[in-house]
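Engineer: Here is how the chains run, residue by residue.
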Amino acid sequence: MQAINFLKPNRDNIKNYSIIGSFLVLVSLIDVISNAFLKINLTSFLPGSLTTLFPLILGLIGLNMMRIDYSGNQKLDFLNKNINTNNFNALLTLLILFSIIKALPQSLSWMIFDATISGDSKDACTGTGACWTYIKVWFRRFMYGMYPNEFHWRINTAFILVIALGFVGYFMKENLKKYLALYYVIIYPVIAYLVIYYLISGGSFGLQWVETGAWGGLSLTFIVSFFCLIFCFPLGMIFALGRRSNLPVIKYISICYIEFWRGVPLITVLFMSSVMFPMFLPEDFFMDKLVRVIIAITLFEAAYCAEVIRGGLQSLPRGQYDAAKSLGMGYWKMHIFVILPQALKLVIPGIANTFLALVKDTPLIFVVGLAELAGMLALAKTNPKWLGFAMEGYIFASIVFWIICYAMSKYSYNLEAKYKTER
Amino acid sequence: MSDPIIKIQNMNKWFGDFQVLKNINLEVEANKKIVVCGPSGSGKSTLIRCINRLEEHQEGDIIVDGNELSEKTKDIEKIRAEVGMVFQQFNLFPHLSILDNCTLAPIWVKKMPKKEAQELALDQLKKVQIDDQANKFPGQLSGGQQQRCAIARALCMQPKIMLFDEPTSALDPEMIKEVLDAMVSLAKGGMTMIVVTHEMGFAKEVADEVIFMDEGMIIEKADTKEFFANPKSDRTKLFLSQIL
Chain A
1 MQAINFLKPN RDNIKNYSII GSFLVLVSLI DVISNAFLKI NLTSFLPGSL TTLFPLILGL
61 IGLNMMRIDY SGNQKLDFLN KNINTNNFNA LLTLLILFSI IKALPQSLSW MIFDATISGD
121 SKDACTGTGA CWTYIKVWFR RFMYGMYPNE FHWRINTAFI LVIALGFVGY FMKENLKKYL
181 ALYYVIIYPV IAYLVIYYLI SGGSFGLQWV ETGAWGGLSL TFIVSFFCLI FCFPLGMIFA
241 LGRRSNLPVI KYISICYIEF WRGVPLITVL FMSSVMFPMF LPEDFFMDKL VRVIIAITLF
301 EAAYCAEVIR GGLQSLPRGQ YDAAKSLGMG YWKMHIFVIL PQALKLVIPG IANTFLALVK
361 DTPLIFVVGL AELAGMLALA KTNPKWLGFA MEGYIFASIV FWIICYAMSK YSYNLEAKYK
421 TER
Chain B
1001 MSDPIIKIQN MNKWFGDFQV LKNINLEVEA NKKIVVCGPS GSGKSTLIRC INRLEEHQEG
1061 DIIVDGNELS EKTKDIEKIR AEVGMVFQQF NLFPHLSILD NCTLAPIWVK KMPKKEAQEL
1121 ALDQLKKVQI DDQANKFPGQ LSGGQQQRCA IARALCMQPK IMLFDEPTSA LDPEMIKEVL
1181 DAMVSLAKGG MTMIVVTHEM GFAKEVADEV IFMDEGMIIE KADTKEFFAN PKSDRTKLFL
1241 SQIL
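Protein chains in written order, with my numbering: chain A, 1 to 423; chain B, 1001 to 1244.
Don't take every hint at face value.
[Said to hold, decoys possible] DSSO-like cross-link-like pairs, simulated, lysine-lysine; straight-line CA separation at most 30 Å:
#  : chain 1 : residue 1 : chain 2 : residue 2
1  : A       : K325      : B       : K1232
2  : B       : K1111     : A       : K410
3  : A       : K333      : B       : K1127
4  : B       : K1136     : A       : K420
5  : B       : K1177     : A       : K325
6  : A       : K345      : B       : K1115
7  : B       : K1115     : A       : K333
8  : B       : K1136     : A       : K333
9  : B       : K1111     : A       : K173
10 : A       : K420      : B       : K1072
11 : B       : K1078     : A       : K325
12 : A       : K325      : B       : K1237
13 : B       : K1225     : A       : K325
14 : B       : K1114     : A       : K251
15 : A       : K345      : B       : K1160
16 : A       : K420      : A       : K345
17 : B       : K1074     : A       : K418
18 : B       : K1115     : A       : K173
19 : A       : K251      : B       : K1072
20 : B       : K1114     : A       : K381
21 : B       : K1022     : A       : K333
22 : B       : K1127     : A       : K173
23 : A       : K410      : B       : K1114
24 : A       : K345      : B       : K1111
25 : A       : K325      : B       : K1111
26 : A       : K333      : A       : K360
27 : A       : K325      : B       : K1110
28 : A       : K333      : B       : K1078
29 : A       : K345      : B       : K1007
30 : A       : K420      : B       : K1007
31 : B       : K1115     : A       : K418
32 : A       : K333      : B       : K1074
Hints in this document: simulated from the structure, not taken from any laboratory. For clarity, every value in this text was computed on a predicted model and none was experimentally measured.
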């Protein structure tokens, strides 16, 4: 015990101890880094397994020397409180640091230093690294699917228009603000649908018809997510209110709806929408596959939204209902002005969760033959000319999805901060 | 004797198996101030919540301003708009400013023009002396200020009757006075009031009648002076000896 105790600092000598301690940790890190990056073993003079364990032991001693209950130095205290609380945590900290350092050189050289991006065929990729040429060559396919190259401007224009229309709310005049909800729930989706229908589908105004089967890539991801998000939220709200209704018929219809859709896997819903649903329709009735899929996902996600929103409704104190009622408000006025504004604010994190899951579920539409981003990857990796680049594709797709989802979650944090009220 | 504005006859109410209100008979004439007191769980709050039908009664009649309250009542919102209510927990709408709290119902329920509603609200807020807080949010105000705002909010609907459900029970002793002052000046203005409270000083000052309830029954109903000077039932005497 004595031997360990002499490594224990007290408040008087903490300065010297922390300098020696951090020096030891630094040495251990340098040893690992030089080993990983430069392939030099600084401790080759040590026998056998000791040379591998050397940085770990050194680091542990160093962290042990720095550990003190309270030093007054903010950074040191932060370190001690969070990653250096005891020997076991110090060991974990070091192991994690070392494995990151060990893994870095290989992944960096594969992704950047040895990677190829020049050329436009598979022959360019001769190195040992990643073949970004593959992504470069297939980029348009990943973005626009099988949509004819010369019409890509139509997709871009449609998206710019839809985004611009989405910002209309910010510039609305004060006296029109009360129609904001109406605009976003009804008018905006309809306009967006028309824009996408006439621009991307074409068929009129001299634009050539492009069937939805040719749509694909990231733009299809956006289209599907956009319509599903914008429709599933109001629908979910209706079912959330319905489930709490006093009218038994509405209540049980809502419960049945929610429990049905929550109980079925999305993949079977998609199969049914594309394969079985048309069988029940009259002969001359035609509904596009993409539309059917969007409706299916919307109905599916609305059930989840409903439960999230119901959670928010339930968390409001009963006094809010009492107060609204005592002022003579009926059911709808009470909900629109008092209950929903508060409840929806509370469920922003939950709704963001559902929406993120929805966006990441869109690749499932590949099972019914619609190839959005991940679907295009699956097609591309089986292309005989470009076999063997699945890894690059999946990394690309993860980065794209991560950017989209991170942007969404950032936006939801902003909303939360914006509508925060004290109770 | 004018016609009573609130008339309750043989009213009974149950929560499941438990009977909370037993054979209640009560008549309140316009402009009268009634104080309801009694121990916890005696059904005082339930009684006044029945008057604007936040609670439903199962037997008997409640007639408010000529309208009978029952399952068949279609325009319950109209009746509620005539009956203001102030709650123990204030129940202000936390997402709206003080001014918006006061104008929300006049604008959307009474269809009052926004400007007029705001003037009315500022006027009412001035009467309870918080017009300088109009643009703050409820969370930024003290309990006493919130409760005064709740009174102003109810008054903005220009009700014929005001119900108070233990308006001072959730307040610090220092803040009780400011709320009671607001209620006293309201009473002097001639409002019909039913107040559930433990503030016997307030009862002595403004009440025309005091009702003592216990175990869901009205034990005693008497003029204020009579009630305090010489209570009839032993239960009332016991209660008064403990509370005064």
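Engineer: Confirm or reject each hint.
Structural biologist: Hint check results:
| no. | hint | verdict |
| --- | --- | --- |
| 1 | K325/A / K1232/B | 38 Å, violated |
| 2 | K1111/B / K410/A | 40 Å, violated |
| 3 | K333/A / K1127/B | 28 Å, holds |
| 4 | K1136/B / K420/A | 14 Å, holds |
| 5 | K1177/B / K325/A | 28 Å, holds |
| 6 | K345/A / K1115/B | 28 Å, holds |
| 7 | K1115/B / K333/A | 20 Å, holds |
| 8 | K1136/B / K333/A | 23 Å, holds |
| 9 | K1111/B / K173/A | 22 Å, holds |
| 10 | K420/A / K1072/B | 41 Å, violated |
| 11 | K1078/B / K325/A | 10 Å, holds |
| 12 | K325/A / K1237/B | 37 Å, violated |
| 13 | K1225/B / K325/A | 35 Å, violated |
| 14 | K1114/B / K251/A | 36 Å, violated |
| 15 | K345/A / K1160/B | 35 Å, violated |
| 16 | K420/A / K345/A | 8 Å, holds |
| 17 | K1074/B / K418/A | 40 Å, violated |
| 18 | K1115/B / K173/A | 18 Å, holds |
| 19 | K251/A / K1072/B | 21 Å, holds |
| 20 | K1114/B / K381/A | 63 Å, violated |
| 21 | K1022/B / K333/A | 34 Å, violated |
| 22 | K1127/B / K173/A | 34 Å, violated |
| 23 | K410/A / K1114/B | 36 Å, violated |
| 24 | K345/A / K1111/B | 27 Å, holds |
| 25 | K325/A / K1111/B | 16 Å, holds |
| 26 | K333/A / K360/A | 36 Å, violated |
| 27 | K325/A / K1110/B | 14 Å, holds |
| 28 | K333/A / K1078/B | 13 Å, holds |
| 29 | K345/A / K1007/B | 42 Å, violated |
| 30 | K420/A / K1007/B | 45 Å, violated |
| 31 | K1115/B / K418/A | 27 Å, holds |
| 32 | K333/A / K1074/B | 16 Å, holds |
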